[in-house]
Amino acid sequence: MPAALAVSSLHKRFRSRFGRTESVALDGVDLEVPRGEAFGLIGPNGAGKTTFIKCLLGIAHPDSGDIALLGGRPGDPRARARVGYLPERLALPGAWTARAFLASVGRLKGIVLERPAIDALLDRLGLTEAAGRRIRGFSKGMRQRLGLAAALLGSPELLVLDEPTDGVDPLGRVEIRQLLAAELSRGATLFINSHLLSETERICTRIGILSRGRLVRSGPLEVLTAVQQRWRARFAPGTPESPGLLLGLGFEPVEGGAWELAAADPTALNQALDRARTAGAQLVELERASRDLEDVLSEALAAGSA
Amino acid sequence: MKTGAVALDLLREAAARRWFLALGLALTALLLLLVTSLRLEVVDGALAATRLFGKPIFHDIRPADVALRPVFLVASQMVFWCGLCFGVLACADFAPALLSPGRIEHLLSLPVQRWELLLGTFVGVLTLAAGGAAYASGGLILVLGAKTGVWTGWPLISALLSALSFGGVYAGMLAVAVWVRSAALSAAAGASLIGLGLLATYRRTLLDVMGEGLGRALFAGVTALVPPLGKLADAAGALASSAPLAPGGVLRLILGTLAFAGGLLALAAWRFERRDF
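As they're listed, the protein sequences go chains U and H.
Sequential numbering of the first sequence, starting at 1, is according to this note's numbering.
Sequential numbering of the second sequence, starting at 1001, is according to this note's numbering.
Hints are computed from structural coordinates only; laboratory data are not their basis.
Yeah, the Cβ is synthetic: ideal placement off N, Cα and C, and Gly gets one too.
Warning: the hint list may mix true and false statements.
Said to hold, decoys possible - So these bits of chain H aren't anywhere near chain U, every CB distance computed over 12 Å:
#, residue
1, L1142
2, G1211
3, L1225
Unchecked claim - Chain U regions said to be covered by chain H (calculated; three or more residues, Cβ under 8 Å):
#, stretch
4, 59 to 71
5, 82 to 92
6, 101 to 108
Stated by the list, open to error - Pairwise CB distance ranges, derived in the manner of DEER restraints:
#, chain 1, residue 1, chain 2, residue 2, range
7, H, M1078, U, R13, 44 to 54 Å
8, U, R186, H, W1115, 32 to 42 Å
9, H, L1089, U, A303, 53 to 63 Å
10, H, T1127, U, P220, 51 to 61 Å
11, U, R136, H, L1032, 28 to 38 Å
12, H, A1243, U, R136, 46 to 56 Å
13, H, R1274, U, R177, 34 to 44 Å
14, U, G75, H, L1185, 27 to 37 Å
15, U, R136, H, L1185, 24 to 34 Å
16, H, T1028, U, R20, 48 to 58 Å
17, H, G1145, U, R136, 40 to 50 Å
Model the full structure from these sequences, guided by the hints.
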C-alpha cells in the first residue's frame, strides 16, 4: 500500500505580479508520511507550511517535484475525494445553516447525505444545538468545529488540518484531540499544521520542521525529542541515604527529584545503575531523557539559519 | 459532474442576498399593482376599454392580441435592458466571492474540477437571469392573459433570449474576475461589454463614418466579436410582440452570443487552471 503522502524535491517560488521580485516558498522538500500516522508539520510563520499543504492538495502548482497523494496525483479528483481538508481560515457562508453547509460539501464530495447523518456528525463536533442556526452567528470556535465536520465528511483516509484547534477553547481542544484520536484508530492518517507546539506534541507521533522552505528535521516524535546518550532515572525516596553518593557516580539532579545520567551505550548505562544500586539506590523509573518540542524547534531553526 | 451542485449553491447564496430579494419583491409588487389597477374590457376578442388607476388610457377598439403587442414589446425591452444592468450590478460579486481566500482553497480541495467550479458559477448566474426574466415575463403573461383571454408563450422565449444575452456579458465579467478578484472590475467589465454591445449594434454605420487607421481596425475587430446587444434586444422585442422575424438572423445572433460566451469561458478556464490560490 502506498504512503499516505510522498513528496520529493518539491520546489515552489512566488513571483510578484510583474515578475520583479521572487520569493522561495519551498526549496526541495522531501517527505513521506506512512498511512495511519499522525504527522505534525511545524515551523515559524512564513516557513512554507501552508504553501506545502496547498501544493499537496492541488490548490497551488509546484514549480517542480513529485507529489503522491494516497498514491494519486493532487490534481486527480479521485485522490482528493479520499482527503478531508480544513483550511487555516475557512470562509463559511454566513447566511446558510450548518446543516445546509454540510449538505453542500457532501454534494461536492459526491456523498448522498441524509439529515440524520448530518446531525450525527454535528453532534460529534458538539454542534447539535447550532445545527439549524445561521453560520453568521457562530463563534470562531464553532466555525472551526464546523470546518472540521466538513473535513470529516465521508470518513476520509487522509485528514489535512491547518491549525485545527485555532480559536477553540481549552475544553474544546480536548474534545478535538479525542475526535482526532478516534479518527486515527479508525485508520485515518492525520497531517496537521499547527503553531501550537503543545497541541502538536499531544496529537502527533511524527514531526517535520519546516524552515525557509526546507524540511530541516523529520521523524518520530520520541526520536526528535530524545537527548542522545542521556537517561533520566528516578529512585525510591530516601534511597540511597545520601544523595551525594549518586553525584559521585555521575548522576546529575534535575527538577522533580529525578536524576540524569550520560551513558554512551546500554552497557555503560547498566554499569552505572548497578553501582547506584550497590550504593543503596532503588530504581523505580528509567526513561530516555527528552526535551519538549519547543527546544527541538529552536535548535532546528538555529541550525538551519547557521 | 459537479457543475449542477456548484450552480445550486450559487442559487442558494443568491436567495440570501438583499439584491435578489429586492428584485423579487419589486417584480411581485409591480405585477400586483397591474392586477389591482389595470382594467381591461374585452368584447368579442376586441379590447374595448383600458383603464389604469381608473383612468381610461386607450380609446380605440382593437383586437386584444394586437393591442397587447406594444405592451409585450415595451415589457421585453425593459426586461432586456433593466435585466442587463441589474445583472451586472447584482452578479458582479459572485465570482470574486467564490475566489475569496478561505473559500476557494476549501473548494479546490474537494473532488471538483476547476472548470466545473467556473462552469457551475456561470450556469448558476444564467439560471438566475433566466429565472428573473421568466418571472417578470411569465407574470405579465398571466396578468394580461387572465384579463383579456389572450395567452401567448412568446414573451417567455423572449425572456430566455434576454438571459442568453446576459450570459454573453457575464462570461466577460467572470473572465475578468478570474484574472483580478474584484467585484468592481467585474462590474466595470460588464458595463463596458454593454457599451461595446451597443456600439456593435451600429457597427456598419459607425465604420462608414470612421476614417481608415488603427483605431478603425481595432473598433472593427472588437465589435465583430462582441454580441450586438441592440439587435438582440430588438429580436427579443419582436419575439415577445409576435412581430415577423427572420429566423436565420435570430439564429445567427444566438450562435454568435454562444460562441462569444464560450470563448470567454474557455479563456477564463485556461487562466483558472493555472492560478495558484
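Results for each hint:
1. With a closest Cβ-Cβ approach of about 30 Å to chain U, L1142(H) is found to remain outside the 12 Å limit, as its non-interface label requires.
2. Distance check on G1211(H): its Cβ is at least 36 Å (rounded) from any Cβ of chain U, clearing the 12 Å threshold; non-interface status holds.
3. Non-interface status of L1225(H) relative to chain U is upheld: no Cβ of that chain comes within 12 Å, the nearest being about 27 Å off.
4. A count of 3 residues in the stretch 59 to 71 of chain U with a Cβ less than 8 Å from any Cβ of chain H is obtained; the coverage claim is therefore met, three being the minimum.
5. Closer than 8 Å: that is the beta-carbon criterion, and the stretch 82 to 92 of chain U has 7 residues meeting it against chain H, so the requirement of 3 holds.
6. With 4 residues having a beta carbon nearer than 8 Å to a beta carbon of chain H, the stretch 101 to 108 of chain U meets the requirement of three or more and the stated coverage holds.
7. In this structure the supplied range 44 to 54 Å holds for M1078(H) paired with R13(U), their Cβ-Cβ distance being about 53 Å.
8. Restraint check, R186(U) to W1115(H): a C-beta distance of roughly 34 Å satisfies the suggested window 32 to 42 Å.
9. Between L1089(H) and A303(U) the C-beta distance comes to about 57 Å, which sits within the given range of 53 to 63 Å.
10. A hinted range of 51 to 61 Å holds for the C-beta pair T1127(H) and P220(U), which are about 53 Å apart.
11. For R136(U) and L1032(H), the Cβ-Cβ distance of about 31 Å falls inside the hinted range of 28 to 38 Å, so the restraint holds.
12. Look at A1243(H) against R136(U): about 49 Å separates their beta carbons, and that is inside 46 to 56 Å.
13. Take R1274(H) and R177(U): their Cβ atoms lie about 39 Å apart, and the range 34 to 44 Å holds.
14. A hinted range of 27 to 37 Å holds for the C-beta pair G75(U) and L1185(H), which are about 28 Å apart.
15. At about 27 Å, the CB distance of R136(U) to L1185(H) agrees with the hint of 24 to 34 Å.
16. For the pair T1028(H) and R20(U), the beta carbons lie near 54 Å from each other, so the given range of 48 to 58 Å is met.
17. Checked against the hint of 40 to 50 Å, the pair G1145(H) and R136(U) passes, with Cβ atoms roughly 42 Å apart.
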